[in-house]
Structures are given as structure tokens and as C-alpha cells.
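Here the protein sequences line up with chains A and B, keeping their order. Be aware that the first sequence starts at 4, since it is given in my numbering, and climbs by one per residue. Be aware that the second sequence starts at 4, since it is given in my numbering, and climbs by one per residue.
Don't read these hints as lab results, they were simulated from the structure. Be aware that a few hints might be false.
Claimed, not checked - The calculated SDA-like cross-link candidates involving lysine to any residue, where the alpha carbons are at most 20 Å apart (straight line), are:
#, chain 1, residue 1, chain 2, residue 2
1, A, K101, B, R25
2, A, K19, B, R26
3, A, K19, B, R34
4, A, K19, B, I185
5, A, K198, A, G169
6, A, K19, B, S27
7, A, K19, B, A18
8, B, K19, A, S121
9, B, K101, A, A18
10, B, K101, A, S121
11, A, K19, B, C16
12, A, K19, B, R44
13, B, K19, B, G8
14, B, K19, A, G24
15, A, K19, B, K198
16, B, K101, A, R12
17, A, K101, B, D11
18, A, K19, A, S121
19, A, K19, B, G8
20, B, K19, A, K198
21, B, K198, B, I185
22, A, K19, B, R37
To be verified - Examples of chain B residues toward chain A, derived with CB under 7 Å:
#, residue
23, M10
24, R12
25, R30
26, M31
27, V33
28, R34
29, R37
30, E45
31, L50
32, L86
33, I185
34, M186
35, D189
Said to hold, decoys possible - Each pair of labels, with its calculated beta carbon distance range:
#, chain 1, residue 1, chain 2, residue 2, range
36, B, G114, A, S84, 27 to 37 Å
37, A, P190, B, R164, 18 to 28 Å
38, A, V181, B, R82, 46 to 56 Å
39, B, D155, A, D11, 57 to 67 Å
40, B, M186, A, T150, 20 to 30 Å
Please read all numbers here as calculations on a predicted model, not as lab measurements. Every residue, glycine too, gets a C-beta built ideally from N, C-alpha and C.
Protein chains: 2
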Amino acid sequence: MAGPGQMDRLIACLAKLPGVGRRSAERMAVRLIRERTGLARELVSALDEATRELAGCVQCGSITSASENPCALCTHPGRDSRLLCVVEDPADILAIEKSGGYQGRYHALMGKLSPMRSQGIQDLRLQALLERVSRDRVEEVILALNTDVESDATAVFIRERLADCGVRVTRLAFGLPVGSGIMYSDPVTLSRAMKGRQMP
Amino acid sequence: MAGPGQMDRLIACLAKLPGVGRRSAERMAVRLIRERTGLARELVSALDEATRELAGCVQCGSITSASENPCALCTHPGRDSRLLCVVEDPADILAIEKSGGYQGRYHALMGKLSPMRSQGIQDLRLQALLERVSRDRVEEVILALNTDVESDATAVFIRERLADCGVRVTRLAFGLPVGSGIMYSDPVTLSRAMKGRQMP
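Next up, chain A with everything else stripped away, as it sits in the complex (with noise of 0.2 Å):
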């Protein structure tokens, strides 16, 4: 394999995608040029789909289709407009609906401060997260941030510029996550998991 010059532009197109690693982009890029079921003319209408009809919803930065922009699950009369859960990512929007605990609203910041990704404050979704929580008369702020250092450092931030607000800020629990031992449990979590004990 010579690495034409569009396999090199499909390979380096495809390393872009979250997750994905150069090797990995070579293993999708030789799969979607060799498969025969038509994988590559399929991806090419789903995108051009997607792209058509689909944007960032105004309201919560979740995807929605392009004629429904605030998305329903920022219109829906049901949801407790009182609560609002932060994510950092519209992915994790679905996850957090999937476990089916949560009827309050949604606000994804679209990355979290990483200085190793020269990504600051100015890329996240902020003067939008302090206007809805006075505009909305919000309640409580819930963050439902990942667990690494520096979700951990964008939640203090956050909770420092709320703090004026008069809004209760709460993050999500940590401890053990369910089907785990504490044998393979690393330091930080178990002593999270003591700390957080509770009546079982």
C-alpha cells in the first residue's frame, strides 16, 4: 500500500473524529475503500443527510433536527425548568436521558477547560449557562462533568461564577460505579466511595 494521496486525505480526515488514533483511521479507511456492501456510499448520504437536517439546538447545544431549534427536550412542558444539568459534551445528554433518573433541562458546555487542548473559557458555552440561569429562574445547577482533573477544575470554576447567582450547585455523586470490586478500584475512588458513604 503506496498511501496514495487520498487515502492519505481519508485517513487524515477520519483521525479527526473523537477517539480516533492514526491507526485506527487506517484500519476504517482501507474497510470503507475495500467493502463491497457499499459502507463509504452509505456514510457519504448519512452525513450529507445529517448535515441537511440536523443542527446544534440554540437552547441546550444538544443535536436537533433543523425545524425544531429549541430541540423538545428544551420545549417539553413536563421537564422541571428548575433544574439544569451541565454536560460537557451533547452526547452525554443521551446517556443521562437513557438512565431515565433526570426530567429537568439540559445545558452542554461543548468541552471542559483544557489547557493541554488550548481549550479555555471563551470556547465553552458559559455566558449562555449565566444567562439561562437567571433568565430561567433556575433552581439548581447539577454538573454532570466527567471525573479527570480537569473536569474537576472546570467545575470549581463554574460553581465560582454561580456563586453570585443565588443557585444551589451540585455535582454528581462519585463512589463505585455499579459491577466493579473494590479489589480493581483505584485509590482516588475508593476514598471518594468512603467519603460519600451512605445508609445502604
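Mind docking chain B on chain A? Use the hints.
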């Protein structure tokens, strides 16, 4: 994110790529739709171009430009046709080429014997391999297969099929990968490294 039909379709399509699960596909889809730099458009164009101008090499199975088939590796006069390196996937050819230690020809099987993924003998480019071995007067077939159980079974199968051809069949050495520690190696790797020990 109510998961509109176009979004589901894009996610399902991305999840068909090798190494991509449902979760990764969701993240990719969100990025593709939201990305302001036009990643989706870029990908559509790269796919369009690649499917139009690239093809599988009729001989080795790797990716080549439609106007150069068989590919440069198959036609290069400086490469040794007596050596034939058999790989599972065309992307493996790229990896071996980068390692720089090989100057023979290649043959991609396009998979391995895998009952789990209902991939059998008829799905592999085996007949083409047998024909090449006798036609090109190959002296050594080097099996550069992966190191899992299915690849092991495939290696044994090919060795038996080639037994009557009078060709030498070898397989890449098993052992410790560079940069790893004894402590972190699994028992099978360690016992294979022990069995294949060499003078330093």
C-alpha cells in the same frame, strides 16, 4: 437529544466501522454535526474522492489508485518475488512497510477464520494465495498474522494447505514487545518468549 432519525442513521453507519462501538459512534456523530470547521463536509469530499479514485489491488489486495492496478508494491522490480508476506488486513501492510525490514511481496487475506464473525474459508483470499505461490515461484510464505486464537488457527490451516506446494512457511516471531516489562507480560507471551530465546 431526542435522537432524530437522521442522527440514528449516521450513528448506525459509523458503528459499522472497525473498532467503533455504539458510544464512540455517538460521540463522532455529535462532533460531525456540531463541528464548525466543516469536518462533515470534508469527510464527505474525502470519501467521494477516495471511492472514485482508489481500488483494491487485484494481486495483493491492498489499496491502490484505480489507474495503477496491480499496485506499486506488486510491480516494483526491486522487490523479491520469492518472499510472500501474508497479512490479514491491508492496513497491516502499511505497518510492515513502515518497519522497513521487508523487501518482498504481500498478500492480504481480508480477514481470518472466525466462526464468531461467521467468516470462513470462502471469505478469505486463499485460492488467490495458492495460485500466486505456484505461479510466482514463491520460496517462502511469511505469515504475518495477529496473535489471537483465530489467527493461530488460520496460520495452521494455511500451513497445511501449502504443505504440498514445496514452499517454506514461516510465521513472525513471538516474544516480548519492545518497551514492555516482564512484570506486565501475560503468561502466554512470557512462555513463548522463553521458548524462542536467542543469543543477545
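Hints, verified against the model:
1. A:K101 <-> B:R25: Roughly 13 Å separates the two Cα atoms, so the pair holds.
2. A:K19 <-> B:R26: holds, 17 Å
3. A:K19 <-> B:R34: Given pair A:K19, B:R34 holds - Cα atoms ~10 Å apart, limit 20 Å.
4. A:K19 <-> B:I185: The given pair, whose Cα atoms are some 35 Å apart, is violated under the 20 Å limit.
5. A:K198 <-> A:G169: violated, 27 Å
6. A:K19 <-> B:S27: With a Cα-Cα distance of about 13 Å, the restraint between A:K19 and B:S27 holds, given a limit of 20 Å.
7. A:K19 <-> B:A18: holds, 16 Å
8. B:K19 <-> A:S121: With Cα atoms ~32 Å apart, B:K19 and A:S121 exceed 20 Å; violated.
9. B:K101 <-> A:A18: Holds, at roughly 18 Å.
10. B:K101 <-> A:S121: violated, 31 Å
11. A:K19 <-> B:C16: holds, 17 Å
12. A:K19 <-> B:R44: holds, 13 Å
13. B:K19 <-> B:G8: At roughly 17 Å apart (the allowed maximum being 20 Å), B:G8 and B:K19 satisfy the hint.
14. B:K19 <-> A:G24: holds, 17 Å
15. A:K19 <-> B:K198: violated, 42 Å
16. B:K101 <-> A:R12: Status holds; Cα separation ~18 Å.
17. A:K101 <-> B:D11: holds, 15 Å
18. A:K19 <-> A:S121: holds, 16 Å
19. A:K19 <-> B:G8: Outside the cut-off at roughly 24 Å; violated.
20. B:K19 <-> A:K198: violated, 42 Å
21. B:K198 <-> B:I185: Given pair B:K198, B:I185 holds - Cα atoms ~15 Å apart, limit 20 Å.
22. A:K19 <-> B:R37: holds, 14 Å
23. M10: At about 6 Å, which falls below the 7 Å cut-off, the nearest Cβ of chain A leaves the hint on B:M10 intact, so it holds.
24. R12: holds, 5 Å
25. R30: With a minimum Cβ separation of about 5 Å from chain A (threshold 7 Å), the hint on B:R30 holds.
26. M31: holds, 5 Å
27. V33: With a closest approach of 5 Å, the B:V33 hint holds.
28. R34: holds, 5 Å
29. R37: holds, 5 Å
30. E45: holds, 5 Å
31. L50: holds, 5 Å
32. L86: violated, 17 Å
33. I185: violated, 22 Å
34. M186: Violated - the Cβ of B:M186 stays beyond 7 Å from chain A, reaching only about 18 Å at its closest.
35. D189: Violated. Min distance 17 Å.
36. B:G114 <-> A:S84: 27 to 37 Å: Because 53 Å falls outside the window, the suggested range is violated.
37. A:P190 <-> B:R164: 18 to 28 Å: Violated, since A:P190 and B:R164 (Cβ atoms, about 53 Å apart) do not stay within the stated range.
38. A:V181 <-> B:R82: 46 to 56 Å: holds, 55 Å
39. B:D155 <-> A:D11: 57 to 67 Å: violated, 33 Å
40. B:M186 <-> A:T150: 20 to 30 Å: With a Cβ separation near 28 Å, B:M186 and A:T150 satisfy 20 to 30 Å, so the hint holds.
Going down the numbered hints, you'll see the structure goes against 4, 5, 8, 10, 15, 19, 20, 32, 33, 34, 35, 36, 37, 39, while the others check out.
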